[in-house]
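This note's numbering numbers the first residue of the sequence shown as -4 and each following residue consecutively.
Hints listed in this document are in silico derivations from the structure and should not be mistaken for laboratory results.
The structure presented is a predicted model; accordingly, all values stated were derived computationally and were not measured.
Cβ coordinates follow ideal geometry from the N, Cα and C atoms, glycine included.
Keep in mind that the hints are not guaranteed to be accurate.
[Claimed, not checked] Simulated pairs of lysine-lysine, DSSO-like, Cα-Cα distance not exceeding 30 Å: (1) K335 x K473; (2) K355 x K40; (3) K306 x K330; (4) K31 x K330; (5) K239 x K306; (6) K37 x K306.
[What the hints assert, rightly or not] What follows is a list of derived Cβ distance ranges for each label pair: (7) T242 x F123: 39 to 45 Å; (8) S180 x P286: 35 to 41 Å; (9) L284 x E509: 53 to 59 Å; (10) G201 x S429: 26 to 32 Å; (11) A448 x H283: 51 to 57 Å; (12) S452 x N121: 29 to 35 Å.
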Amino acid sequence: MPVIELETGLARLSQSFASSKSSPEHLSNQYDLLEKGLYQAKNKKVISPLSAGEEVRDESRIRTIKDRLVNLGYLKTDPNNTQRNQSFRNAVIQFQKDAGISEDGWSGLQTWDAIQELVSFETPSNLFRWFDGDHPKPALKRATHLRLFVLGLCPTKPSDINVGKNHVFGGLNQFVKVSTMLDLSVDQLKPELCFETLSLLFDQDGLIAKLAKSKPMRSRDKRHEIHAFVMNVAKIELWMLGLKNITPNGHDSKDRNFANRSQSVDTNYYLKRSSDFYKAIRKYWEIHLEPDRSNTRAQQFLVDRFSLFFKQIYQDTLLSEGSHNEEVFTYFNDKSQKKKLNNAWNRVLNFGAKLWDGLKRVWNWIKNLARKVIDFATNIVRIGYDYIQRSFSFVTTSIEVVVKTVKFFMNKEIEGSDIRHALVQHDLDFDFISIVNLRANPERVSDLGVLLAHRASGFSLSSRILGMFIDLVKKAVKATFTGFLFLLIGLINLFRDAASIIVELDRWKQKEEELMKSSDLPQSA
């Protein structure tokens, strides 16, 4: 696993940023060192962004994809093995075929987005995408099977031999039965692979909101039937919060053994204090109640009190005002947190699915609970990791745009010029001259003008982003952050300070693609 060196590495870049020189040659050298430093961080897997046309290479994403392919029954190999061998590619191709996406065998952006949407617990699923008319695609059938298993409603995970009507419909029957008992839907659900039933099954937020309003069950038999379901829904939330020894693994766990009928009260069930689930519930309540009350609240989870847990979860995850969380940026810029930040960063790089699942949850928990969030440093870094990935993409794009637009305008005759329509040239002093043919096609002249204005705006936006990033990295250097850490500090601060410019650059990229598709002018940037 890569180690972030705090006291060594990227020394030349650090010295360059610490210098007060501001000549064009010095600035050009900084751009060059910056680009090398960023790609060095990428190659060492400290930063691992994913863009269209690029295959997943970082171990965390590969572990996540393998883990989900194994859980969906496409792959039998150990997900901790991060090798992209032929069996892995075959599994990817079969998943792509079942999902109705390009069957290229690449574990790239389209595959990542599809598998996230089907398996992630908090990614809003566009279920219409996974239907062919009224018929669910094979990938959705497997994802439904897996979701039923994880919620304790189906005894097996999907595999090539057991993805069939009996397994899926048995779980759907149980889901409809439990939903009716708990009054989870205003509609009469059908135990079928239909949009209405699956839209509730895949809506973790909706299940939490409904369970928060659950009323006590008087019937012991009914309570026993719903135990596996409510415990596994709770387990998903505790797992996304980052609690140790908790995994959303449905019937593979010993949850059924956790419930034990009291000898003194015939109708009540309690959790065993030795169970991981009990410890996790108790730990959760410790951040909301006094420690002596957390034990009681945990013990009463199965005694008609699970609605209190889900009510608190629901309140914790309500969206707060503001698009960014200052707590994250403050923590990353606190010099006293360097050691914790380094240790937490190395932990999350090895997380796999837990790194990518629950970011929205953690964001809202931190906003609403501040430092009461379990494993605060690790969860801060998980959010920061997401910011840094996106910032990295925009900084590297900015470098590319600056280089290419400079080359574009350095040509004596601007690409796209045509003597039959319009010429744009510059002299040795870089004074630009535009010449329009009286017989020119107005549309071609207009296209060239739009292209020139567009490239100029791209240069301006990219230069502003790079200028801000260099200033932020300089501040990190002066604050004694060194090595890869000062790059990370600069990237996360850029996400906050250049948010509006980043949005503009994103629009610029979209317009660039549109211009290249709609125009026959040369693609030079």
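Now the hints, each set against the structure:
For the hint linking K335 to K473, the alpha-carbon distance of about 20 Å falls within 30 Å, and the restraint holds. About 24 Å separates the Cα atoms of K355 and K40, which keeps this hinted pair within 30 Å; it holds. This hinted pair does not check out: K306 and K330 have alpha carbons roughly 37 Å apart, beyond 30 Å. This hinted pair checks out: K31 and K330 have alpha carbons roughly 25 Å apart, not beyond 30 Å.
Distance hint between K239 and K306 is fulfilled; the C-alpha atoms sit about 22 Å from each other, no more than 30 Å. At most 30 Å may separate the alpha-carbon atoms for a hinted pair to count; K37 and K306 exceed this at roughly 41 Å. At about 31 Å, the beta-carbon gap between T242 and F123 misses the expected band of 39 to 45 Å. For S180 and P286, the hinted distance range of 35 to 41 Å is satisfied, since their beta carbons lie about 37 Å from each other.
Against the hinted window of 53 to 59 Å, the Cβ-Cβ separation of L284 and E509 comes to about 55 Å, which satisfies the hint. A C-beta distance of roughly 59 Å is found between G201 and S429, which places it outside the suggested range of 26 to 32 Å. The given range of 51 to 57 Å is respected by A448 and H283, whose C-beta atoms sit roughly 56 Å from each other. For S452 and N121, the hinted distance range of 29 to 35 Å is satisfied, since their beta carbons lie about 33 Å from each other.
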